[in-house]
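*Asks:* Sequence:
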Amino acid sequence: MFDASLKDRELSFKSAPGTTMFLHWLVGMVYVFYFASFILLLREVLRPGVLWFLRNLNDPDFNPVQEMIHLPIYRHLRRFILSVVVFGSIVLLMLWLPIRLIKLLLPSFLPYNVMLYSDAPVSELSLELLLLQVVLPALLEQGHTRQWLKGLVRAWTVSAGYLLDLHSYLLGEPEDNDANQPVNNNNNNNPPPGPPNNNNQAPVVGEGLHAAHQAILQQGGPVGFQPYHRPLRFPFRIVLLIAFMCITLLVASLVCLTLPVFAGRWLMSFWTGNSKIHELYTAACGLYVCWLSIRGVTVMLAWMPQGRTVILHKVQEWTLMILKTLVVALLVAGVIPLLLGLLFELVIVAPLRVPLDQTPLFYPWQDWALGVLHAKIIAAITLMGPQWWLKTVIEQVYANGIRNIDLQFIIRKLAAPVISVLLLSLCVPYVIAAGVVPAVGVTPEMEILMQRRIYPFLLMVVSLIGILSFQIRQFKRLYEHIKNDKYLVGQRLVNYERKTGRASQFISLIQWQINPVSPVLCWSRDVPHGHALFLSGKRKMAPTHVLRCCQRGLAWIPVIFIALVVCWSYYAYVVQLCLFTILNIGEQIVYLIFFHLSFIMFVWSYWKTIFTKPANPSKEFCLPKVEKERYEKEERPESQQEILWRAASALPLYTRTGAGAIRYCDRCQVIKPDRCHHCSACDMCVLKMDHHCPWVNNCVGFSNYKFFILFLAYSLVYCLFIAATVLQYFIKFWTVSIHLHV
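Note that UniProt numbering has the sequence shown beginning at 1, numbered continuously upward.
Hints are not guaranteed to be accurate.
Claimed, not checked - Simulated pairs of lysine-lysine, DSBU-like, Cα-Cα distance not exceeding 35 Å: (1) LYS476 x LYS706; (2) LYS324 x LYS314; (3) LYS608 x LYS633; (4) LYS14 x LYS103; (5) LYS413 x LYS476; (6) LYS276 x LYS7; (7) LYS14 x LYS391; (8) LYS413 x LYS324; (9) LYS314 x LYS376; (10) LYS706 x LYS619; (11) LYS483 x LYS706; (12) LYS483 x LYS391; (13) LYS483 x LYS608; (14) LYS324 x LYS376; (15) LYS628 x LYS483; (16) LYS608 x LYS476; (17) LYS608 x LYS619; (18) LYS613 x LYS483; (19) LYS103 x LYS276; (20) LYS314 x LYS413; (21) LYS483 x LYS625; (22) LYS376 x LYS391; (23) LYS706 x LYS613; (24) LYS150 x LYS376; (25) LYS476 x LYS613.
None of these hints come from the bench; they were simulated from the model.
Hey, can you work out the whole structure from these sequences and the hints?
*Replies:* Okay, structure coming up:
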């Protein structure tokens, strides 16, 4: 077929094993995909139950992942062997036999001219990818092309069914007009007869053999089966049907292998002469010519009965539509893929494949071919992603189609923004590297380094900024969702009030007045938080601040320890690693930028977690003065709960104690809102208290929960980045390959 022997294939594999394996894998995947698509098309035409030996991919009970886990290995091995036999037999029937017949009947037609290795600067790999991923899908994804194929399959099925008396088996029995009669006769009180309750009864040979096999394969329930009439000598007729099908596939393969290539060679010989052309060009040209010819004939046959005036009007409409389509194709399928392929070449291919002491060469045709594939992948990812302006525009263009193409909308909303972004991505780095950097007065080596590495560097910066902005938006949404979920009742945000000034610092004062009879516990809010006054007759004792200062100082030890560790890591990474150990300037710049970004976000989140004051309950959760005095005088818990129930009747409270009582803090003298707890370390009630973290010396609650989560995330990113970038130098240091400068 390609005039390649086994020795040539072996040499090709040894010279480029990755490319060879990728091409074979790609061709196999395309073959399996279109085979599965053809099977789905057959299921739309044939009677349900004919293809009982093939799994239905549209069956909701079909779960390949679950079967892969639960089925034993020998079942998978058996299915693999059967698949290899089926696919191999079809390859022999539709490829090997037609090639033998072509060599016998048309000796000069083969081999196909496919040059994977040539002196031309254009890689033929891009052409093969272009054919497999652009040309063939563009043909086969057309709705009328699929309808043509479906009509041919139906016509062949009807012909084979009437020739072999298998119409009932292939297409089923025609629908009876009196099918609804039993339903209409079911108006009396007699219920319709149900199926017999003998589940173990063997199925009838004429109707239930395939149904039984289908039930075995689909244990979750049948996906559809229609009875059929079995003619005489049914197995012999099935053998004739299979033989007829093989002959049809052989003839169809012969036509597909010869007609498009022959038509493409004949057409392209008018402007190329006798020079050999890659068969991808001839095959693509022939396919499109055949498709356009068939499409034109069908359209003209549909227009002929409408008269001359209608035909002229249709021709004008189609001419205008073709002109608009050509303009859109020039922009969307020409300029955008070329710019995208060139940008991909500058960002990915050139930095990886071309050393700094060599000049990269760019081929516009190859860049355009690869840009078409990249544009297709980007469009598919955009359509699968979240809703944004590009997805909206692409969906609108798809919805309009070619018949209702809006040239102004496509240019203004799609082509102009995308081309502007691509041009800015190409021009701005070039202006910086070729205009700004030489004006600074750097060395020629630095100029070359900037020109070659500025594109991937800006890509990393833009990607990092995009990831950070996305994460910030996601954390904001998570924070708002948690806050609204826990504290938003209707349209009113409760249990949260920001306090200003020193008002939040004045919580309580404990007065312990001792008399000869019994101690009396009194509360006051006139003394700052943390001060206690003990009264015993005329004697007042105030504890010194030494103990509390010592406690506060000891509480800051974990924070100081983390700060020292972070400072040491900053010195070790920036000074010892980046400045003294790494000699590559570009690597130093990249490491320092990413390190400082993670370092700044880590320090900022840690700072906000430490110094954000915990939110305490608002004033509406405090007892009124009269109720508070009554509560303090009451000694029975039942009476105290009645006071609390009256005060909490107007408050949005849902959480109670285990005994069903109102939660009340005796130290802070407030009714506790939902998820509010008293922190003994902070000596205050904290809204949505999670825990008191000694490493931040603060309560993690409503006010700083978001910052605490960010602190954990950025600390993980900070540590992983340092570990990933230091690992190679750590190994070299301990193997005495490098020496750190001090």
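*Asks:* If a hint holds in the structure, say so; if it does not, say that too.
*Replies:* Each hint, compared with the structure:
Simply put, LYS476 and LYS706 have alpha-carbon atoms about 8 Å apart, close enough for the 35 Å limit, and the pair holds. Of the pairs offered as hints, the one joining LYS324 and LYS314 holds, with about 15 Å between alpha carbons and a cut-off of 35 Å not exceeded. Restraint check: the Cα-Cα separation between LYS608 and LYS633 comes to about 43 Å, which exceeds 35 Å; the hinted pair is violated. Between the alpha carbons of LYS14 and LYS103 the distance comes to roughly 29 Å, so the proposed pair stays at or under 35 Å and holds.
The suggested pairing of LYS413 with LYS476 holds, with an alpha-carbon distance near 30 Å, which does not exceed 35 Å. Straight-line distance between C-alpha atoms of LYS276 and LYS7 comes to about 24 Å, which keeps the hinted pair within the 35 Å bound. With a C-alpha separation of about 44 Å, the suggested pair LYS14 and LYS391 falls outside the 35 Å cut-off, and the hint is violated. Restraint check: the Cα-Cα separation between LYS413 and LYS324 comes to about 16 Å, which is no more than 35 Å; the hinted pair holds.
Only pairs whose Cα atoms come within 35 Å are accepted, and LYS314 paired with LYS376 is accepted, the gap being roughly 32 Å. Straight-line distance between C-alpha atoms of LYS706 and LYS619 comes to about 24 Å, which keeps the hinted pair within the 35 Å bound. Of the pairs offered as hints, the one joining LYS483 and LYS706 holds, with about 10 Å between alpha carbons and a cut-off of 35 Å not exceeded. Pair hint LYS483 plus LYS391 holds up; C-alpha atoms about 31 Å apart against a cutoff of 35 Å.
Annotation: proposed proximity of LYS483 to LYS608 holds, straight-line Cα distance about 18 Å (limit 35 Å). As the CA atoms of LYS324 and LYS376 are separated by approximately 21 Å, the hinted pair is consistent with the 35 Å bound. With a CA separation close to 30 Å, the supplied pair LYS628 and LYS483 stays within the 35 Å bound. For a cut-off of 35 Å, the pair hint linking LYS608 to LYS476 stands: about 15 Å separates their Cα positions.
Note on LYS608 and LYS619: the hinted pairing holds, with a Cα-Cα distance of about 25 Å set against a maximum of 35 Å. For the hint linking LYS613 to LYS483, the alpha-carbon distance of about 17 Å falls within 35 Å, and the restraint holds. For the hint linking LYS103 to LYS276, the alpha-carbon distance of about 19 Å falls within 35 Å, and the restraint holds. For a cut-off of 35 Å, the pair hint linking LYS314 to LYS413 stands: about 28 Å separates their Cα positions.
Of the pairs offered as hints, the one joining LYS483 and LYS625 holds, with about 31 Å between alpha carbons and a cut-off of 35 Å not exceeded. At most 35 Å may separate the alpha-carbon atoms for a hinted pair to count; LYS376 and LYS391 meet this at roughly 13 Å. Our distance criterion of 35 Å between C-alpha atoms is met by LYS706 and LYS613, whose separation comes to about 13 Å. With a C-alpha separation of about 27 Å, the suggested pairing of LYS150 with LYS376 holds against the 35 Å cut-off.
For the proposed pair LYS476 and LYS613, the alpha carbon gap of about 19 Å is at most 35 Å, so the pair holds.
Violated hints, in rising order: 3, 7; the structure is consistent with all others.
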